[in-house]
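Working from the sequences, and respecting the hints, build out all of it.
Residue numbers (UniProt numbering), protein chains in the order written: chain A, 1 to 262; chain B, 1 to 299.
If you're looking for bench data, these hints aren't it; they were derived computationally from the structure.
Careful: at least some of the hints might be erroneous.
The calculated DSSO-like cross-link candidates involving lysine-lysine, where the alpha carbons are at most 27 Å apart (straight line), are [to be verified]:
#, chain 1, residue 1, chain 2, residue 2
1, A, K236, A, K225
2, B, K84, A, K53
3, B, K84, A, K108
4, A, K53, B, K83
Listed below are several chain A residues computed to face chain B (Cβ distance under 8 Å; list not exhaustive) [as the list claims (entries may be wrong)]:
#, residue
5, M56
6, F112
7, K137
8, Q139
9, S141
Beta carbons: idealized from backbone N, C-alpha and C, even for Gly.
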Amino acid sequence: MITQAENPILEIHDLTVSYDQNPVLWNVDLSLPAGNLVGILGPNGAGKSTLIKAIMGLIPPTSGFVKIFDKPLNDVRARISYVPQRESVDWNFPASVLDVVMMGTYGKLGLFRRPGKKEKELAMQSLEQVGMAGFSKRQISELSGGQQQRVFIARALAQEADLYLMDEPFAGVDMATETAIFQLLRDMTTSGKTVIVVHHDIHSAMNFFDWLIMLNLHLVASGPKESVMNEEMLRKTYGGKLNLLTRVTDLIRQKDFNPLKG
Amino acid sequence: MSFDSNAFLIIFTGALIAISCGFLGVFMMLRKMSMTGDAISHAVLPGIVIGYFVSGSQRSLEVIIGAGLLGILATLMIDWLRKKARVQLDASIGITFTLLFAIGIILVNILAYKVDLDQECVLYGEIAYLPIDSWITQSGLNLGPRITWLAGLNFVFVSGFIYLLFKELVLTSFDENFSAVMGLPSKGINLALMSIVSYTTVSSFESVGAILVVALLVVPPATAFLWTKRLIPLLRLTAIMGVLIALFGYYLAYWIDSSIAGMMVTVAGFFFLVSAFIHSKKPSWLSGTSASTQPLELE
Chain A
1 MITQAENPIL
11 EIHDLTVSYD
21 QNPVLWNVDL
31 SLPAGNLVGI
41 LGPNGAGKST
51 LIKAIMGLIP
61 PTSGFVKIFD
71 KPLNDVRARI
81 SYVPQRESVD
91 WNFPASVLDV
101 VMMGTYGKLG
111 LFRRPGKKEK
121 ELAMQSLEQV
131 GMAGFSKRQI
141 SELSGGQQQR
151 VFIARALAQE
161 ADLYLMDEPF
171 AGVDMATETA
181 IFQLLRDMTT
191 SGKTVIVVHH
201 DIHSAMNFFD
211 WLIMLNLHLV
221 ASGPKESVMN
231 EEMLRKTYGG
241 KLNLLTRVTD
251 LIRQKDFNPL
261 KG
Chain B
1 MSFDSNAFLI
11 IFTGALIAIS
21 CGFLGVFMML
31 RKMSMTGDAI
41 SHAVLPGIVI
51 GYFVSGSQRS
61 LEVIIGAGLL
71 GILATLMIDW
81 LRKKARVQLD
91 ASIGITFTLL
101 FAIGIILVNI
111 LAYKVDLDQE
121 CVLYGEIAYL
131 PIDSWITQSG
141 LNLGPRITWL
151 AGLNFVFVSG
161 FIYLLFKELV
171 LTSFDENFSA
181 VMGLPSKGIN
191 LALMSIVSYT
201 TVSSFESVGA
211 ILVVALLVVP
221 PATAFLWTKR
231 LIPLLRLTAI
241 MGVLIALFGY
251 YLAYWIDSSI
261 AGMMVTVAGF
271 FFLVSAFIHS
281 KKPSWLSGTS
291 ASTQPLELE
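Structure follows, in structure tokens:
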């Protein structure tokens, strides 16, 4: 079940991505509307991270193409922001929290130019937004997992982009932080930004996202939450994991279910 | 003790080389590429020999270009073996530099009659001969030791490179994917760093040799990293250690009448072991990795 958006902010056409001749994503074809909080759901190994890496050109596609803001990627890099998986970097790196957040401003600065007062203010403002302003001088090796994640989100905010792609920003984050970050993402979409989040928790996905992409090597569904979150789509996405599915469908039936109250 | 200008020149040159290598070594370490520096320092040999053969002089631009090209070739080969042929990083480094170094040795042997170069010179170098190898202009003006000039020029290049590309080097070292998404030329910056490491290796091989260059690339940054987790102090500490090992290295070598370069690296190794020992005894709260988590609060 694939709903195409009108005036899409992101279009993916017949995208196939392979590692060593083994395709890990087949024929993905979708488009996304602007100003939405978009979740990418799927089991482990479904190609969720691969999809966003292919969107950003980190992995060259075997076939197909991606258009962002109706333009090729290279023309719009300054309007795209990326939050990689927390484990993808070495947190022992000698840098302070502020140093890392300032990295978000480097794209607009260009080669050779140094970040100045303006960039520093922007970075501090971004840190405030994620509630980490008090940590700006702390070395990143001294942060907890949830704090690292917030630093990465602050760095993305400092990029002042229009499209944000986040790879598992909620992995290893506690419930209170998760809710707060979701609230922040919600505010961003309200102000017209588009946020795409790779996510693995179906329960919270139902509560938070506007638009869902369900992936299992193939594209199973892409559309507004109400139209794609049903048993058939979940079964197609997650396969025959019945235990899980019955639990999830039970949850769907309880319309007022809120995992945060439990 | 009276001022000994030869001792001063040797220590000064040794310190310049140690600081240049240390600065580059900090970034190599942060990129987890310290051993790639090792590979480069050996892999440049065929380039040196070919450059020497082409130009007929050990001091020519061709030698530096040859070495630079070979350094880049070694980097690309390691990268290719790792990513495309799926060889483990340590194995691909081991294969690349031994192969290129062996080719270099064969070239030295084949061209032995035309090239005044031997393995000893390339591997060990001799900084003690520095004061008698002066740069004399055609008009007969003695400008002082040639190797000191080389080391100084190299130091200027390395510092300039790091100063100009500081933020790019830091970002690509910390998070390469992120910089690629931003459109920073991370591959280009990486190759530029490898070229300047190759150049540093060449300009230092006469004085400290290919093996000891590796030690100067690896040991001072690793030692400094035991003491600080901040980048600028890390660079500063690396530089201070460069000066100290040149100073102690010279006087200890003078005292027991041995190789200066060898003694410099021995001193560096000693500093590292002492630092590691002190660090291992340090109570865990000093390194403190587990700060308490404060819940995030938003309006």
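Quick rundown of the hints versus the structure:
1. K236(A) with K225(A): 16 Å, holds
2. K84(B) with K53(A): 19 Å, holds
3. K84(B) with K108(A): 33 Å, violated
4. K53(A) with K83(B): 17 Å, holds
5. M56: Since the shortest Cβ distance to chain B is 5 Å, the answer is holds.
6. F112: 6 Å, holds
7. K137: 10 Å, violated
8. Q139: 5 Å, holds
9. S141: The hint holds - S141(A) has a Cβ within 8 Å of chain B, the shortest such distance being about 6 Å.
When each numbered hint is compared with the structure, violations occur for hints 3, 7.
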